[in-house]
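> Can you make the complete structure from the sequences, with help from the hints?
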Amino acid sequence: GAVVSQHPSWVICKSGTSVKIECRSLDFQATTMFWYRQFPKQSLMLMATSNEGSKATYEQGVEKDKFLINHASLTLSTLTVTSAHPEDSSFYICSAEGQSNQPQHFGDGTRLSIL
Amino acid sequence: QKEVEQNSGPLSVPEGAIASLNCTYSDRVSQSFFWYRQYSGKSPELIMSIYSNGDKEDGRFTAQLNKASQYVSLLIRDSQPSDSATYLCAVNGNNDMRFGAGTRLTVKP
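Residue numbers (the working numbering), protein chains in the order written: chain E, 1 to 115; chain L, 116 to 224.
Hints are computed from structural coordinates only; laboratory data are not their basis. Check each hint, because a few of them may be wrong.
With a straight-line cut-off of 25 Å between C-alpha atoms, the simulated BS3-like cross-links for lysine-lysine are [unchecked claim]:
| id | chain 1 | residue 1 | chain 2 | residue 2 |
| --- | --- | --- | --- | --- |
| 1 | E | Lys-20 | L | Lys-157 |
| 2 | E | Lys-55 | E | Lys-20 |
| 3 | L | Lys-182 | L | Lys-171 |
| 4 | E | Lys-41 | L | Lys-157 |
| 5 | E | Lys-20 | E | Lys-64 |
| 6 | L | Lys-223 | L | Lys-157 |
| 7 | E | Lys-66 | E | Lys-55 |
| 8 | L | Lys-223 | E | Lys-41 |
| 9 | E | Lys-66 | E | Lys-20 |
Here the structure is a predicted model, which is why all the values come from computation and not from measurement.
This is the structure in structure tokens:
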């Protein structure tokens, strides 16, 4: 149980392109979903927290106009990296939480490379 | 002061030994505690959850929690090279989960 699906796994695109990443909880309803970014050999960095039907809460330093998050249902959240540039190249990982105080379950991550 | 602290390592143990990973946290109202394993280039994978003081065993893994000392640990018995990964400690209190930076474990054959 507690499977989180994240797509796509890999994205390679040109600078200036917008990229959408989907995160789905397959067998549970996710009250809260989280988006992380991880650079090579560095720690997970929380970017934002989203609850179904409400605006995402962004961590300090994360541009909400650049990283658009939509959490339209209890099983789907999307992250759109708008006008991506090479410095946005990273490993983006989503996670979902069913109930408070329960663990977060992670998707497989999306490796984004901007040329 | 970091909210969840782990020794970054690397921690190196020989195959078959016990690996001991430690984590301290600052928020006394924390209620749930988790250990995740992250292989290089992959996303974290939940391996243990613990909610009350004491030990919890699952196969070769034992999680230990001491809320009075604000300390949680993970023991890996009979360590295997496949256990080589980064281990993340996560602490949840007031619906706010915080991750440690992780300890990199290397198990040498």
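> All hints, please: hold or fail.
Structure-based check of all given hints:
This hinted pair checks out: E:Lys-20 and L:Lys-157 have alpha carbons roughly 20 Å apart, not beyond 25 Å. A C-alpha spacing of about 17 Å is found between E:Lys-55 and E:Lys-20, which places the hinted pair at or below 25 Å, so the restraint holds. Proposed proximity of L:Lys-182 and L:Lys-171 is supported: the alpha carbons are some 14 Å apart, at most 25 Å. At roughly 12 Å between alpha-carbon atoms, E:Lys-41 and L:Lys-157 fall within 25 Å of each other, so this suggested pair holds.
Proximity of E:Lys-20 to E:Lys-64 is assessed by CA-CA distance (about 14 Å); at most 25 Å being required, the pair is judged to hold. Using a Cα cut-off of 25 Å, the hinted pair L:Lys-223 and L:Lys-157 holds, with the two alpha carbons roughly 21 Å apart. Distance restraint check for E:Lys-66 and E:Lys-55: the Cα-Cα separation of roughly 15 Å lies within the 25 Å cut-off, and the hinted pair is therefore satisfied. With a C-alpha separation of about 20 Å, the suggested pairing of L:Lys-223 with E:Lys-41 holds against the 25 Å cut-off.
Under the criterion of a C-alpha separation no larger than 25 Å, the hint pairing E:Lys-66 with E:Lys-20 is consistent with the structure, at around 12 Å.
In this structure, none of the earlier numbered hints is contradicted; all agree with it.
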